[in-house]
Structure formats: structure tokens, C-alpha cells
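For reference, the chains in residue letters:
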Amino acid sequence: MSKTILIVDDSDSLRQVVNIALSGAGYNVIEACDGRDALSKLNGTKVHLIVSDVNMPNMNGIEFVKQAKQLPQYKFTPVIMLTTENQQSMMEEGKKAGAKAWMVKPFKPAQMLQAVSKLLSI
Amino acid sequence: MTLDLSSAISTFLSESKELLQEMEDGLIELESELDEYHRGEVINAVFRAIHTIKGSAGIFGFDHVVSLTHIVETTLDALRLNQILLDKDLISAYLSSRDLVETLVELAVEEIEPDDSTKIQVNELIASLSNYINNENEEDRILKDQPADIGTVESNSKWHLFFVPNENVLRNGLDPFAFLYFLSNEVENLHIDTFVTSLEQTHTFDPESNYFSFHAVFDSDKSSEEIAEIFEFIQTEANISIIPPNSSYQDIFNALGQFPDSASAVSMLENSQSLPTNYIDSIKSGRSELETSDDSSPSDTNSQPKSNQQKIHQSKTLRVEALKLDRLIDQVGEMVITGARTNLLAHETGNETLIEAMSLLERLVENIRDSSLKLRMVQIGETFNKFKRVVRDIAQELGKEVELSIEGAETELDKTFVEKVSDPLMHIVRNAIDHGIESPDVRKQNGKDATGTLTLRAYHDSGSIVIEIKDDGQGLNKERILDRAIERGIITPEQTLADKEINLLIFEPGFSTAEAVTNISGRGVGMDVVKRNIESLRGSVEVESKQGLGSSISIRLPLTLSIIDGFMFSVHDANYVIPLDTVVECLELHEVVPEEDIQDKNYINLRTEVLPFIRLRSLFGISEKIDHSRESLVIVQFGTLRAGLVVDSLKGEFQTVVKPLGRLFEGLKCISGATILGSGNVAIILDVSALIKSAISVYESLEIKQ
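Those protein sequence lines, which keep their order, are chains A and B. With the first letter of the first sequence counted as 1, position 3 gets the number 3 in the UniProt record's numbering; the numbers rise by one all the way through. With the first letter of the second sequence counted as 1, position 321 gets the number 321 in the UniProt record's numbering; the numbers rise by one all the way through.
Do not take every clue at face value.
Stated by the list, open to error - What the simulated footprint calls covered on chain A by chain B, stretch by stretch (three residues with Cβ under 8 Å from a Cβ of chain B suffice, anywhere in the stretch; the number is not a length):
1) 16-24
2) 108-120
What the hints assert, rightly or not - Pulled a few chain B residues facing chain A out of the computed Cβ check, cut under 8 Å:
3) Thr-11
4) Glu-15
5) Arg-48
6) Gly-55
7) Ile-59
8) Asn-168
9) Glu-232
10) Gln-235
11) Thr-236
12) Asn-239
13) His-590
14) Pro-594
The hints are simulated quantities; they were obtained by calculation from the structure and are not laboratory data. Glycine included, every Cβ here is placed at the ideal spot set by N, Cα and C.
Can you build the whole structure from these sequences, using the hints too?
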């Protein structure tokens, strides 16, 4: 069974690229445009991995991950955070919220695939 | 790996344009006075826009876009941390960056390498923006260097790593030893001390819990990021501090402060004997200070701007392809026609229940028509907002001070109009600033405020939307307009014109009163194109002007182009439709005109108002006459003009699906389209504004003869 990945980013084009790359590698992809949207899409769906941007309208990535981690079903779902801010404080906060890995934008789709497969195999 | 990203790239293009528009709106807003909170929010919005573009552009490998957006993002980041000041020059630099980013994005999407002049512009901008932060960086470095200088000691030449996995690490499926094993492969001279800290009593021992913590000392020429990467996936489950060689005492002290159980951390450090004893002693004695300091506060202050962002961007919208919408409206149009036909057939049967059911269905169809037409309606505010930038730029270029005020931004109109009306508006706005509003000195001499005001206003008025562009400048100069019109051969010196007509001369082709041709307006093209464009949308233009006080140009457009509420009447067995909103009232002709005058009179006295009227039979060249007592007079209004239309009989309200006429009929005056009736016959839709004008001109030419 192919694994399902939720991608949360406010940029349509970024989501599309990640979607193309991940679907091409055989994953199921669900897209959400911000934290609030992502939470509503989680709602019971089996998700193996979450990829989330930090800087988003409505609900930012950190807040979203915090809330998602409170739902029993997603407590152990690994999270990759995407950001262009390679800042210690943001990573610190993301870590507290429960993110497993960080990916600094811009990244190549191949890098994303590598990180995803690494995380899903642990 | 190659991926087909073409669809994503086109998304990127439209997304970038939207974001750049947001950025521009934000920047213009920043120019005005804002309170601290609001200002921070706007800067954040601008930052996020450019940040998103940079992120996406990087993925597509659009390097030119990335390099420019990077510097913009960096300076904006410094700005939101109040490290640099936002002045007019910086805003201008941002605005030009916005334009350049747009160009670069467009080029990148087309896979065209930017030309040299663009590249030079980019480099200049990058250089000037870098100036802002380079100054900043130097100061920053000085600040950072000072404490570091004090603490560095040569003796701590090794890496230190504190690794304290939490109690649940094993339960969560992570093995701390795997990470240490990985570390041992990556670094040299690794020495690890293991501590069992929290195990106190054997009966509370849980075999699934972790009780170990580690302190590692090693040599490595890797960067601290690379070392941190090794522990990337266990970050959430452990406290990790990496202290590079030659770190200051402060760094070590701070790193230790992150541990909940700092006593054990210190003993780890002591056991390893890799630090000078005076360090250990200082740490031990400094511990009391450590307990009071709260290290969570810096990250808290950092989260502040993040939560502010959530307040912008609330309205929920759905993006739909315009083509799909057009198809829907087409289909609704067909449904309206078929509905009318079915209704007709139902009436023929005389079946009461069927007729009742039909009328219910018709009402539903009407509702569907209205709501699907509303889908095409967009607020004009977005179009108006673009002018903030235009007004600012033009005013700056001409050395004038102009304030733009926007009214009725929430007024809705058809999306097709929005696209087509924005060019004409641009011309009018440019003209208003260039010719209308005086320079600050002249304004002061005339006792006006140095800053001119340009008002863009939109409102609904009897079935049409009116867009008004009003300035408080010098107004139109009638003598100069007349002189110029005579000079250009548009009118003859003998002609006497009403004020309204003089004003309309500015829309004649080849007309220009500006003494000097500037590169903003006054090339003599433009205003006539404006008029033509608007008339092609079945709209009209009116000008009002008061010498010395300003002028105002009103564009009047129908609400929609596709389906309208029509009013049907017949002339010589053919059916005609006019928009219902233009009908004021209907009268029996013989009741308002005396029998003896009925043939040659062209106006009536309607409640003391002189009202010209036109006989559609004679307009259409039908010589056959009918009994006057059967003729009706339909009074129509368009804008401020009124006239009467004499028709054979009235048919009443009719839902009209506007079908454009073929090219053959393009040149015909007074006809704007056609529609299909329930019976399958075709009815002609008349252009009311043209009809009124021809009625007025017939009346006036007769007046002059008499």
C-alpha cells in the first residue's frame, strides 16, 4: 500500500511541485493551503508523513504541528518543516512543536524525496 | 530525475502576480502613517509575499528571481526586526524590485534569459539594497565579537556534545545508540561518557524507558550544522547541545542552561576533563544566576510577529477557470430561452396545473440566472487599488502632490468589464493628473491646498454602474478647447456648442490641448480610444467641469453583457427589446399629443418638461402608417438623457439572453444585439443610448430650422 503524505504550504506552485515529485515516486499526496485547512483535512485520514511550511496565513506551521500532535492519531506522525528562515529560534520552536526534520527552501525535488524516504523508513 | 513541471510553472506565474500585487498594496500602505501594530502586520505581509515567491522560484531553479528576492527578503527581515529604518528611498527601491521581480518571473517562465539592461537594473538594485544591511551587519558583528573575545581560551580545542534523550525516546521508536554509532563514523577521537541519572529505585524501573544521557568529546573539521544533521531526526526527543571548539565560556554556559538537569550536565563536563578547571569552577559558581534566567523568553518574543500574520487574508475564495464560468452562463442562457419556449407551450395547452408548475420553474430559472451572473461579478476595489501606485509614480514624476481617494470599492461589476475598463481608466487618471491638477505653487496661489485630490468613485445607478474620476484641479479650459477644435478642423468657427458638447470635444480623435507633450499624456491619442473602448462595452462617457474647481469624467457601463431583464415591444410585426432598467414609463401617444400635431411633432410637453421623441417606424424606414390611437410612447432614460420612443404595441417584461450580432451588422447604429424568443423568433436589442442621442439630434436640428 502506498503511503500518504500531507503537504501544507500557502504557495500553490510549491505544493504542485512537491505533489508531482512525491506522486511520481508512488506516494499518495494530500494538499492543504494553510494550517487551518490542513487540520480540517487531517480529520481522521490516515497520514504517514506531514510536510509543512512555517510562514503561512490563517494558521502558521508551528501552531498547526502543535495542534496536530495533540490529536492521538497523529501523535507519532513524522513532520518535516519547510522554511527559508534557517534560524535557530524557529527550529527550536518547531522542535518543541514536534517537527522531526527541517528542510530549507529552496530545495530540489530530489532532496525532498530523499528526506521523505529517510523519515518513512525509520 | 526529470519532472514535468509546466502546469506548476503556470501556477507559479499567476501566484507570483497576485503576491506582487499584495506586496505593492502593502508598500503603498507603508507610505502613509500607520500605527506600530498595523505597520508590523503590513511589513509581515510584504515579507511573506516575497518569501513565498523566493521559495517557489528556487524550486524551479529560477536563479535570477531568487537572487533578487533574496536581498529583498533579507532587508525586509531586518526591517521587521527594526534593525533598519524604512524611508522613502527604501520603499521606492522595493517598488522597483517588485516590478523587476515581475519581469524576471515572466522571463523565467518563458525560459528567456534576461537582457543586459535588465541584468544591470537587477545588479544596481541588489547593490543598493545590500547597502542597507551591510551597514547593519558591520554593527552586528562588532556587537557579537565583543563578548566572544573575552571568553576564548585555546585549551578547549575539542567539540563538546551533550545528548540527553528523554524518557520516551525508545517508546517513540528511536534508538539513541544508533545516532551515537552514526556519530562515531563521522568524527575522530570520540570519547563518550554515559550517565544514568534518573534511576533511583529499582521497583520504579520501566524497561521501555530511557535513563541514559551522554556527553561526547571529539575532534572534527565539520561545521556545527553538519554535526547537528546527524541528530536531526531525534531532535524532538532529546536535548542536544553542540559546542564547537574554541567556544566562549558564555556559549558553554548557555548550552548547559538548556538542560533541565544542569547539575548532571556539569558533572558530565567535569568528568570528561576536557575543559580548564577554572571553567568548571565558574560554571558551578554561576549556577545560581542560571536558575533565575528564563531561556524560553527569546523564542517567545520571536513568535509574536508570526501570530499577527493570521489576521490578514481572511476572506474565503475559490479560484475558477473563467472558461468554465462562461460555459455555465452560456448554458444558463440556453435554459432561459428554452424555459420561455416551454412556458409558451404550457400557455397554449391552457392546462392550469401545468401553467402553475411552469411559473414556479420560471422563477427558479430566474434565480439560477441571477446567481450564476453574480459569479462573474467582482469588486472594483482591486482595480482601483492599482491606481495608488500609478498616481504616486505620475505625481512624483511631474513634481505634483496628489492624494488618491477611493469610494465605493465594494461596488461589483462584470469581470469582463474590469479587464476592459482598466486601460481607459488609466488614460483618464493620467490626464487628470497631468492636465487637471496644477503644480503645488499654482495651487497655493489660487488659494487651494498644495496637495490635489483625485477621487475614484464607483456606484450603481438605475441598472448601470458608474465610475467617476474626479479631480480638484483647474477644470477644462473652454476657450482653449474651442480654439484647438477649430484649428484641428473638428468644428467650424460658426458652430455654437453647449457646454456639455464642448467638454465632449476632448474625446474627438486627434485632439490635444496640452501645450507641451509629456511622456505621461498628451500625445493626442488616448481620449478618443477611451471613448471607443467604452462604447464597445455599450457604455457612455460624460464630462463635467467647473473652471478652476476641477473636472469629473463619468463612465457609465451596463451591469452585465450576457443576460438582462428586457422590455419588449413590437414595431411593424417585428419584436424589439430594450433593457428594462432604461424604461421610465409608458404612455398612450394620443393622450399626450394633440391629434393635429401627431404627425410632424417631435417633442411633447410631459409635465412641463420638453421631451423629444422618435418614431421607430420612421427610423427603420417603414412608410406604412398605423392608427395613432394604437401607438404607444415608451420613455427611456440613459444617464441624464431622456427621450421617448413611439412603438406599435407593448409586449412587456422579457428575460433576454444577449447574443452578439455577426460582423455584417457591426456598423449598424442603434442596434446592440439580438435575442431568441420562446417562439424561436429573433428579436433585435436596441441601443438605448444611441436612440436617445438620435432623438435629441433630430429635435435639435428641427429647432434650429424653425
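These are the hints, each one checked on the structure:
Counting residues of the region 16-24 of chain A whose CB falls under 8 Å from any CB of chain B gives 5; the rule of at least 3 is met. Taking a C-beta to C-beta cut-off of 8 Å, the region 108-120 of chain A contributes 6 residues in contact with chain B, enough for the three needed, and the coverage statement holds. Annotation: interface hint on B/Thr-11 holds; nearest CB of chain A at approximately 4 Å, less than 8 Å. Because the closest C-beta pair between B/Glu-15 and chain A is about 5 Å apart, less than 8 Å, the hint holds.
Interface restraint check: B/Arg-48 against chain A, minimum CB-CB distance 6 Å, threshold 8 Å, status holds. For B/Gly-55, the shortest C-beta to C-beta distance to chain A is roughly 4 Å, which falls under 8 Å, so the interface hint holds. Because the beta carbon of B/Ile-59 sits about 5 Å from the nearest beta carbon in chain A, less than 8 Å, this interface hint is met. The interface hint given for B/Asn-168 is broken, as the beta carbon of that residue sits about 11 Å from the closest beta carbon of chain A, more than 8 Å.
At its closest, the beta carbon of B/Glu-232 sits 5 Å from a beta carbon of chain A; the interface hint therefore holds under the 8 Å criterion. Proximity of B/Gln-235 to chain A holds as hinted, the smallest CB-CB distance being about 5 Å (cut-off 8 Å). Annotation: B/Thr-236 was flagged as interfacial toward chain A, and the flag holds, the nearest CB pair being 6 Å apart, inside 8 Å. For the restraint placing B/Asn-239 at the interface with chain A, the shortest Cβ-Cβ distance is roughly 10 Å, beyond the 8 Å limit, so the hint is violated.
Hint on B/His-590 is violated. Least Cβ distance to chain A is approximately 66 Å, over the 8 Å limit. A least Cβ separation of about 70 Å between B/Pro-594 and chain A goes past the 8 Å threshold, and the interface hint is therefore violated.
Checked against the numbered hints given earlier, this structure breaks hints 8, 12, 13, 14; the rest are met.
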